[in-house]
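Just need the whole structure built from these sequences, with the hints factored in.
Sequence lines, in order, name chains A and B.
Just so it is clear: in the first sequence, position 377 is 377 by UniProt numbering, and no numbers are missing.
Just so it is clear: in the second sequence, position 95 is 95 by UniProt numbering, and no numbers are missing.
If you're looking for bench data, these hints aren't it; they were derived computationally from the structure.
The C-beta atom is built at its ideal place from N, Cα and C for all residues, glycine as well.
It cannot be assumed that every hint is accurate.
Said to hold, decoys possible - Examples of chain A residues lying across from chain B (beta carbon under 8 Å, computed):
#1 118
#2 124
#3 126
#4 128
#5 372
#6 428
#7 474
Claimed, not checked - Over 10 Å on every C-beta distance to chain B, these chain A residues come out as not near it, computed from the model:
#8 9
#9 34
#10 69
#11 74
#12 106
#13 171
#14 208
#15 227
#16 239
#17 241
#18 340
#19 389
#20 449
#21 478
#22 482
#23 484
In case you want the letters, here they are:
Number of protein chains: 2
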Amino acid sequence: MTTTEFTATDPSHSPRTGQATAGPAHTPAAAVAAAVASAAGAFPVVSTVTPAERRRWMEAVAGALEAHADGLVALAEEETALGEERLRGELLRGARNMRYYAAAGEGGAWLRARVQTVPGPPPVDLRRADLPIGPVAVFGASNFPFQFGVLGHDTCSALAAGCPVVVKAHPAHPRLSVRLAEIARAALAEAGAPSGTFSLVVGFEAGLALVDAPEIAAVAFTGSQAGGMALVERARRRPAPIPVYAEMGTVNPVLLTPAATAAPGRAGEIAAAFVESFTLGVGQYCTKPGLLLAPRGSGVVEAVAGRAAGARGGWLLTRGIAAAYADGLRALEAAGGEVLATGLGEDGGYSARPAVLRVAIGDLREGTPFTEECFGPVALVAEYDTLQEAYAALARLRPSLAGSVYGGGAADPDLAEAVARVAAQVGRVVVDGPCNGVVTEDAMHHGGPWPSTSDPRATSVGAEALARFTRPVAYQNVPDAALPPALRDSNPWRIPRCADSH
Amino acid sequence: MTTTEFTATDPSHSPRTGQATAGPAHTPAAAVAAAVASAAGAFPVVSTVTPAERRRWMEAVAGALEAHADGLVALAEEETALGEERLRGELLRGARNMRYYAAAGEGGAWLRARVQTVPGPPPVDLRRADLPIGPVAVFGASNFPFQFGVLGHDTCSALAAGCPVVVKAHPAHPRLSVRLAEIARAALAEAGAPSGTFSLVVGFEAGLALVDAPEIAAVAFTGSQAGGMALVERARRRPAPIPVYAEMGTVNPVLLTPAATAAPGRAGEIAAAFVESFTLGVGQYCTKPGLLLAPRGSGVVEAVAGRAAGARGGWLLTRGIAAAYADGLRALEAAGGEVLATGLGEDGGYSARPAVLRVAIGDLREGTPFTEECFGPVALVAEYDTLQEAYAALARLRPSLAGSVYGGGAADPDLAEAVARVAAQVGRVVVDGPCNGVVTEDAMHHGGPWPSTSDPRATSVGAEALARFTRPVAYQNVPDAALPPALRDSNPWRIPRCADSH
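And the structure:
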């Protein structure tokens, strides 16, 4: 009997049946240390090759993702039950994201390079840039295996900013995680990237070892409050603490102004959009609208209940999420939430049915389950008598990643204040539409005040996502040849730079 | 007998004699709460008036500083003993800084405004900006009563970014703190700013109450490791944690390449600059060069010792700093530091003499006092046999705010690597000059990796300092009238914006 027989694994589960199949073995401590050392060894190369070269590496990965789409989608479907169509779309968006970040990296605006001569005597040559911070540990999400997973936004933006990445495999899709890493490593190797540019470790202990590793300079996480805050705490206790960018999520509000439902049929349209939005992906979105605040008597609440009764759920991603969903529903009811409707379900496994609960607006406050994220296809509805009452309730919610306002058009006298009130609580506010679509664009902000994230300045999507993996350095009177390329007189990377403000 | 007889105060001390005079009373809890409530009440105005209006407010404060220069300098001299000339220069620089941040605020680049149409169907109107985060608590430094004090960089950059400020008075200069606050409040009131725009509280407990206040959205601190980390910890334990931007400082290294002293007389020049630099302001700079790494046999160490023996110290700011300096010197000696020279002192009070200690390069490592900041006019010198040995020692230091490299000119074959090695450990690297001057310019970075600051991305000086007091918000399909002015089609503030990348 050897010790290897006791090696733990991450078993792979089918959400449709709950049945387990063999998954990858946990990465032993020595192999985690080797992965981190390899990343640290690659850093001097990854951080100093031209951004155009890194773009080439990343485009090779994007191409490989597309080339392996069929197998990856099938594997993802086995482990997530999110549906092949959705998963194929997500994979293609994931490949597009990889190219987006590669281009943003080459574009170089993220370096915020600035070259200045401070008038003397004697004049001072002063230059600054946001330079790559070092190897980054990435903990991807369960719910978007491609866009927020092993090769998701965090990995893409770290690589684009010149940082090697070590990913911890998600236990909700361990086999997919390993396969994605194999494909990425092969593509990177073929493109000429150092082998430490990207690697994967498996297992809870391996994840902790990653956060503890002295070579790791920053951590990115997408997932639950509990998981995110545990990593924040872990990183804080290191001898040298490092930034943790945890995107967690809470209850995203949807506010209707009194004029929102004035037009005929509008209540039904808003209700339909809301139900579609909170049941999308079986409610497993960090931007799921979790609470609708509507004027009393608008008919929207009844329309939501009616729609939800006919809405179909699906299988949740894991046994843990399914159990938390059932517990969450019970807690919401126990706290006074009134079940208005329960939708349709699937059979077996981790199936979950949509649910809508009515809450008295005064009960929306800290210390109740109504302000906590309940992952899955459930939403709360509350009615207000005055907008002031709705604004007061909004201010008692935990800040969130996103929120929506439905109004009566640009002439709605309440719209500006409603938008401002929601904006004060969220990272992104959407008018007249659902808040759960996050597009990968320069003007996106996917973040928000604590506890929706651990850093209110950080976004995990869009061009500004690279900033998380940089650290500014100023160079004073440094001869040209000793400057990093981004700051040399000849501007060899042809990046945008701010020149003298004098 | 009434309870007011027991009210605690911050007594004011003369560093020259150690004698105390009466200082301001500690702010009671109710008054701290009132100051914070007033700041929160002012936030909707301060954050939404035009940046030009805020500039006008801040310029009024700058003018008032200059108008009251004589009285302020005299008061500062009584409480700091830093010398009237230095203090007058610092006050004038402080007023100039106030105008710099006011102009940066009006310039609007800090908003990072971006307006984008994402192609459809249907097209999505997506806009983002870094908006003011809310009321900011500022804990100023002991050593720069004007530039890093009540109206220093943190206060200026928070106001410029549209955030009301509540400052905690520094116990090293409590009467000056109160006077500065009076002058600022009067100038702001006269300029038409809401009364909650700026206020001051006094006392340790008042400072803690400030960090705990739910209305406070961010904390800025300049000072010691212990003080900064205590605030970081305090803010973390709030029900809703907030960012703490603590600028702390460690041992700033100075590295000489082998070619640095090749030219005749160069060793003496470098030594003179080093001694002047580490004794400036009685060594009370967070950017004080604390360690010189020189090639063995270059003669620099002997020249430093010779210079230091003739250098004059002065009075340290507080009894606590004086005691810590004495303890620090004892600890450095006990750990094996060899005193090469002791300079001249003053009589009485908190006087301190310069000191230079030689350390074996192998002893520079974590767990020794050699890697810890010793505030005051002391510096370490260590000799290396090979640059690799020096680089290894550098990597064992705690990262710092700044560092210097002295080389043999642009043709020095070691210069580029020496700069890169120092840059990997610091926030700013200077070639052929001291690292303790921090100019208030757009390209400045005054920050550094932990433990020199609590956030490696943050700077407390320069245009990027405003970013600390902002939070990005994205607006999706929001009608023009409901957008914040910075993002409206008409761009009423005439700020630079990134338009469509498509």
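Status of the hints after comparison with the structure:
1. The restraint placing residue 118 of chain A at the interface with chain B holds, with a minimum CB-CB distance near 5 Å, inside the 8 Å limit.
2. Hint status for residue 124 of chain A relative to chain B: holds, with the closest Cβ pair at about 7 Å, below 8 Å.
3. Below 8 Å, beta-carbon pairs count as interface contacts, and residue 126 of chain A has one with chain B at about 4 Å; its hint therefore holds.
4. At a threshold of 8 Å, the smallest CB-CB gap from residue 128 of chain A to chain B is about 5 Å, leaving the interface hint in force.
5. Here the hint on residue 372 of chain A is broken, as its CB sits about 14 Å from the closest CB of chain B, past 8 Å.
6. For residue 428 of chain A, the suggested interface contact is upheld, since its CB lies about 4 Å from the closest CB of chain B, less than 8 Å.
7. The beta carbon of residue 474 of chain A is positioned within 8 Å of a beta carbon in chain B (closest approach about 4 Å), and the interface hint is therefore held.
8. The beta carbon of residue 9 of chain A sits about 35 Å from the closest Cβ of chain B, which is more than 10 Å, so the claim that it is off the interface holds.
9. Every CB of chain B lies more than 10 Å from the CB of residue 34 of chain A, the least distance being 20 Å, so the non-interface label holds.
10. With a least CB separation of 24 Å from chain B, residue 69 of chain A remains clear of the 10 Å interface cut-off, as annotated.
11. Even its closest Cβ contact with chain B, about 30 Å, leaves residue 74 of chain A beyond 10 Å, as expected for a residue assigned away from the interface.
12. Every CB of chain B lies more than 10 Å from the CB of residue 106 of chain A, the least distance being 13 Å, so the non-interface label holds.
13. With a least beta-carbon separation of about 27 Å from chain B, residue 171 of chain A lies farther than 10 Å from that chain, consistent with its non-interface assignment.
14. The claim that residue 208 of chain A is not at the interface with chain B holds, since no C-beta of that chain comes within 10 Å of its own (minimum 20 Å).
15. With a minimum CB-CB distance of about 16 Å to chain B, residue 227 of chain A clears the 10 Å threshold, and the non-interface call stands.
16. The non-interface label for residue 239 of chain A is inconsistent with chain B: the shortest C-beta to C-beta separation is roughly 8 Å, within 10 Å.
17. Not every Cβ of chain B is farther than 10 Å from the Cβ of residue 241 of chain A; the closest lies at roughly 5 Å, contradicting the non-interface assignment.
18. Non-interface status of residue 340 of chain A relative to chain B is upheld: no Cβ of that chain comes within 10 Å, the nearest being about 28 Å off.
19. No beta-carbon of chain B is positioned within 10 Å of the beta-carbon of residue 389 of chain A; the least distance is around 19 Å.
20. Distance check on residue 449 of chain A: its Cβ comes as close as 7 Å (rounded) to a Cβ of chain B, failing to clear the 10 Å threshold; non-interface status is violated.
21. At roughly 5 Å from the closest C-beta of chain B, the C-beta of residue 478 of chain A falls inside 10 Å, breaking its exclusion from the interface.
22. A Cβ of chain B approaches the Cβ of residue 482 of chain A within 10 Å, the least distance being about 4 Å, so the stated non-interface status is violated.
23. Listed as a non-interface residue, residue 484 of chain A fails to keep its Cβ farther than 10 Å from every Cβ of chain B; the least gap is roughly 8 Å.
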